[in-house]
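> Sequence:
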Amino acid sequence: MRYPEFEGPAWLCRFVRYLQMFPMYTSPFLLVAISFDRFQAICHPLQTYCSNRYRRPNYFAMIAWITALICSIPQLFIWHKTWKSRQILTSSTLDQLKLKREYGECATIYGHGVSFLKSIYVISFNTIAWLIPSVLSAFFYYQVCKAVWLSRRNHQLLLQLSQSAYVNSDFKKLPRPETESYIIKLHSDSRYYHRQFKRFNRERVQTIRFTMTIIFCNFFLWAPFCVVNVLQAVAPQLLSAQLITYIVILGNLNSCVNPWIYIIFNRNQVKRAFTSANANNARKP
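205 is the number that my numbering gives to position 205 of the sequence shown; each next residue is one higher, with no gaps.
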């Protein structure tokens, strides 16, 4: 396929543009689904245990994919194939002939210039695919961080109360040996609970940091592209073609940084994978 020429039929032009738009909706919608799943698991754990916690993320992902398929439908009506003709200068030994050649171009119904329909479509796309998912993800993770902070604070208060429980009047009524044994048992149980809670809390915070980093990178890497996309639709004379090319690359870098984010947050697993791979290679004759 040569740009701007399009050799396929008209339906293929629409279908290709539809498939090109689909992942641009899918990626932010999946991030919203992940953040909502974390919100449900941490802020509403009872609802998590009432439902199937293994199938619930699949349901959220399915909703995100179906929503992306629906939001990409306007591409089927905006794009169409137009026929144009141009003259081709051919040289021969006798003379030069000018031949007229027709070619198809996959173009939008609003053309290459500025139009009201183009501005509305571009602004709505950036709002649905970038702004709204970013706001929803930020809201869900704000609630998650708030719940984690409150749980850690309440845990520290409970530890302080348990350690000072012997000053309660009920404990004063107990004989001294029974009081001391109860306090020792209470302290041992609280230390075990503290270790369990600390490990669980560390894993939970690690997961939150990992997902929030992906969301922040998605927001800030796509922000220049979305802003330039709106300016190009409203006032294209403000931007140069070279600047637009450089800024569009930032949006594509979002998919490139995700593996590096995973490596940074899972260094032990990566080291374990390389160690096991080297060990397997060493065993081979």
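Source of the hints: derived by calculation from the structure; they are not laboratory data. Mixed in with the good hints there might be a few duds.
To be verified - With beta-carbon atoms standing in for the labels, derived distance ranges:
#1 114 to 54: 25 to 35 Å
#2 62 to 8: 26 to 36 Å
#3 120 to 220: 20 to 30 Å
#4 250 to 127: 13 to 23 Å
#5 264 to 238: 32 to 42 Å
#6 238 to 43: 18 to 28 Å
#7 117 to 63: 28 to 38 Å
#8 115 to 55: 41 to 51 Å
#9 62 to 262: 37 to 47 Å
#10 273 to 220: 26 to 36 Å
#11 62 to 127: 18 to 28 Å
#12 74 to 263: 47 to 57 Å
#13 256 to 44: 12 to 22 Å
Glycine included, C-beta positions come from ideal geometry on N, C-alpha and C.
> Each hint should be assessed against the structure and marked as holding or not.
Status of each hint after checking the structure:
no.: 1; hint: 114 to 54: 25 to 35 Å; verdict: violated, 50 Å
no.: 2; hint: 62 to 8: 26 to 36 Å; verdict: holds, 31 Å
no.: 3; hint: 120 to 220: 20 to 30 Å; verdict: holds, 26 Å
no.: 4; hint: 250 to 127: 13 to 23 Å; verdict: holds, 19 Å
no.: 5; hint: 264 to 238: 32 to 42 Å; verdict: holds, 37 Å
no.: 6; hint: 238 to 43: 18 to 28 Å; verdict: violated, 43 Å
no.: 7; hint: 117 to 63: 28 to 38 Å; verdict: holds, 29 Å
no.: 8; hint: 115 to 55: 41 to 51 Å; verdict: holds, 45 Å
no.: 9; hint: 62 to 262: 37 to 47 Å; verdict: violated, 23 Å
no.: 10; hint: 273 to 220: 26 to 36 Å; verdict: holds, 29 Å
no.: 11; hint: 62 to 127: 18 to 28 Å; verdict: holds, 23 Å
no.: 12; hint: 74 to 263: 47 to 57 Å; verdict: violated, 37 Å
no.: 13; hint: 256 to 44: 12 to 22 Å; verdict: violated, 35 Å
When the structure is compared with the earlier hints, violations turn up for hints 1, 6, 9, 12, 13 and for no others.
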